[in-house]
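> Below are the chains, spelled out letter by letter.
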Amino acid sequence: MSQPVEVDAVVIGGGIVGASAALFLALSGKRVALLERDFFGSHSSGVNYGGVRRQGRPLSQLPLSRRAHEIWGDLRAFIGTDGEYMRSGHLKLARSDKDMAALVAYEEASRGFGMELQLLDHARLRARFPWAGDVAVGASLCADDGHANPRLVSPAFAVAARRAGAQTFEQAHVSEVSHDGQTFLVRTASGLSFRAPWLLNCAGAWAAQLAQQFGEPVPMRAGHPAMLVTEPLPMFMDVSTGVEGGGIYARQVARGNCVLGGGQGFALDPATARPGQAAILEILRNAVELYPPLAGAQAIRTWSGTEGYLPDREPVLGASSTQPGLLHGFGFAGSGFQIGPAAGEALAQRVCVGASNIDLTPFSITRFQTHLQSQPHTSSPAIVVPSGTDNVIPLFRGRSNP
Amino acid sequence: MTAPPRQAMSTVIVGAGPAGIRAAQTLLAHGLRPCLLDESLRGGGQVYRRQPEHFKRSAKALYGFEAGKAESVHATLDQLQSEIDYRPETLVWNAETRTLDTLHNGRAAQVPFKHLIVATGATDRILPVPGWTLPGVYSLGAAQIALKFQGCAIGERVVFAGSGPLLYLVAYQYAKAGATVAAVLDSSPFSAQTRALPALLGQPSTLAKGLYYRAWLTAHGVPVHQGVHLHEIQGERRVSGVSWQQGQQRKNLACDAVAFAHALRSETQLADLLGCEFAWSALNRAWLPTRDAAGRSSVEGVYLAGDGAGIMGADAAEVAGELAALTLLGDIGYRIDRARSIELQRQLEAIQRFRQGLETAFPFPEDWAAKAPDSLTVCRCEEVSAGDIRQTVADGHWEINRVKAMCRVGMGRCQGRMCGVAATEIVAQASGRDIASVGRLRGQAPIKPLPFGVEADQ
Ligand SMILES: Cc1cc2nc3c(=O)[nH]c(=O)nc-3n(C[C@H](O)[C@H](O)[C@H](O)COP(=O)(O)OP(=O)(O)OC[C@H]3O[C@@H](n4cnc5c(N)ncnc54)[C@H](O)[C@@H]3O)c2cc1C
Ligand SMILES: Cc1cc2nc3c(=O)[nH]c(=O)nc-3n(C[C@H](O)[C@H](O)[C@H](O)COP(=O)(O)OP(=O)(O)OC[C@H]3O[C@@H](n4cnc5c(N)ncnc54)[C@H](O)[C@@H]3O)c2cc1C
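These protein sequences, in sequence, are chains A and B.
Using the numbering used here, read the first sequence as starting at 1 and increasing by one per residue.
Using the numbering used here, read the second sequence as starting at 1001 and increasing by one per residue.
The hints are simulated quantities; they were obtained by calculation from the structure and are not laboratory data.
Some clues are possibly wrong.
[Said to hold, decoys possible] Computed footprint of chain A on chain B, listed as stretches where at least three residues anywhere in the stretch have a Cβ under 8 angstroms from a Cβ of chain A:
#1 1094-1107
#2 1399-1407
#3 1437-1449
C-beta atoms are modelled at their ideal positions from N, C-alpha and C, and glycine is treated no differently.
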């Protein structure tokens, strides 16, 4: 086997988190290798709903989200494309007075983070967004939130990292990681090997395995948000929308197609998922009362993805507590597209200057150590297989006769 | 009508073409009452598509030489109808762990199954040419459907272009029905047909029919040109003519409609959603669900029959339908006639050899992609041109789903059923990769569009 390539940092996972970490590391002059098992941004980061919103996030995430908002505002400078990013506004609808009260409370609590939420009562909602269904009693608008095309944005982060000097590899499944007390040795199934003092675990829903290997097990589960898109429709909606308390969310792209999400799909295998019949029918039946112009429209395609969720729905972001040089950035619970670039930047800062500008304490991996017994640290090589998901529902794939 | 017993629900057939109908008949003959689902109004499938109930043209007029077979398939379905759970106008739009999702009259329902025969058939294989989105341009199959189903022609002066046996058949049917066939433009050279002769002699009657259509067209003054590259379909607001290249010569011809296709492609989305394993078929130049000689897919309890798992034509579809049903019955413990099953396999092998001959006679125009200009619209739904696809390849992408993600080709209403073949050809040409290595578009529900506000059982 050939000599390992020496770099300052290896990033496992070419989603938006890993790719932006690689980008910011390269921009700081670090030698970095970005390793992606599949294609860049082909998992959660490339198949998500495309909501680029701060509104509705837990307060703990708002500092990161605010920084991400700045990066998004300068997207073309960072990645060379606008990826159909639009600051269209994000409208969160309330279906009951109780839900409206929750929006009011959120508006108060989140002041100071620059979101400038506007609360709309029923009359103002009707006047401004006449398409909204009558089930909506009011709403909260974040005028500067928006949406983008994840299929274009996320791979572009990896392309930008390459342009900035990172070595980037697709079809490079990291199959073996070890640490000799000085540096990490990282090997891929495709025969590449790297040596680096820093290792960034940005493997999305598959990141738990590596954390476990270094004695930091996390109770991560895989989730599969169901998505659906319509044929192009006359433009009726210029904001991205969501509903307080969850349920259906929808946006309309410039071509006129409406993208909707809601409910959960299921895993076909550890790396692929489908939306599932129940979720699709739920969306088709329930969307019209919120978005009446959808009546009679046709859904042409559905899909899902594989996303990592921790029990508190906060990501793990920051340094390992057991292995110096190891950083984690995973488990974004269905909302990492918007904050992904800021998460990547924070990890890069940790490598370059020892700490990130934004306090990452709320996202420390140590928060699980009281719940789970930590395994003794071992530095022997272990296989990282993409099976860190624990709710995989296998599809029948047997053969009756060989 | 009495409801079929509960056990009937556990065996389901999708597709009431020749394959599905023969499968249903065979199951019933052994005492198993299947549920037969088909999205069209009246069974018969593509080749034996039936006219609306009040139309009164004779089978001879509609199906020509095939009238006897068509009548037999239709009669079989008519007899079966009261004995099985036949559900026309029922689209299967998704499959999930032993359940099919259906749509009928705006209502969604689920059909559980234990055993399933997938007989979803085929549609035209389209290789676009400049001007193909003009009004007045149809696929060969669509032109034939207009004639068979509605009794109308797509135009008064029609050009038939492309290749494959259907090209001559449909041209002949149009001419017989009284339309003016301005020309038949076949992309395959005459020499290919001579080369294919030995293999084609294996099915003398089918060969004879093909030769007959051809001779009839010539005898009736229809110009037939071979080795033709269709250059462009011309017209401002609708078709006014075609131009083509034959050797060094560029020629033009006025017409008001064009029907074109390069043979057929299998409808494989359902097999894909069911989790069937796919393999590259050089003969079909496509990824197809694998089946063993008896019709079993890679998924236990799922069987494949007819053109949906590889193009072999109507006769083979009937044979494969019966065979798959026998295999299914045997697998679940019914007594079956093994000798019959072996005989059917033998028949399929013979047709397969003939099919190879057809591929030699009507070879895929491998230079199509290289000749496609950048400005050519490949994906109508999303308005993606050959140049857009080539640019995506130049950006470093070569896997077809990835190319789709980047430039939207195949993302629209047809979900790549129309443009997928052409897009894959362009990607292979532009990337210099082997066509098989470009991959296949992953199937995604719904197989056909699904309306909002759909009502659902349960
Ligand atoms: C359907 C859906 C809708 C969503 N909607 C939104 C939304 O509207 N707004 C929002 O903000 N967020 C949304 N999200 C969440 C968001 O997409 C994710 O949080 C974010 O993309 C996570 O980025 P990531 O880089 O951590 O993960 P991923 O994009 O999953 O990237 C991880 C990568 O690691 C690779 N990998 C794994 N193991 C290995 C290995 N051993 N070797 C090499 N590579 C490996 C994987 O192949 C993968 O590409 C949604 C998610 C889904 C699934
Ligand atoms: C337009 C057209 C014309 C043709 N004409 C001829 C000809 O003249 N001579 C000849 O030899 N061959 C012809 N062929 C070739 C033809 O494919 C086969 O010869 C023959 O019809 C194959 O039979 P089958 O049973 O496999 O499929 P088909 O006859 O195609 O039947 C498949 C059936 O499945 C149904 N179906 C498919 N998907 C779904 C779904 N998701 N849900 C519910 N129902 C579904 C369709 O509605 C259809 O009725 C033609 C093909 C086409 C497309």
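> A separate judgement is required for each hint: does it hold in the structure or not?
Structure-based check of each hint:
{"no.": "1", "hint": "1094-1107", "in the structure": "holds (count 6)"}
{"no.": "2", "hint": "1399-1407", "in the structure": "holds (count 4)"}
{"no.": "3", "hint": "1437-1449", "in the structure": "holds (count 4)"}
The structure is consistent with each of the numbered hints, conforming to all of them.
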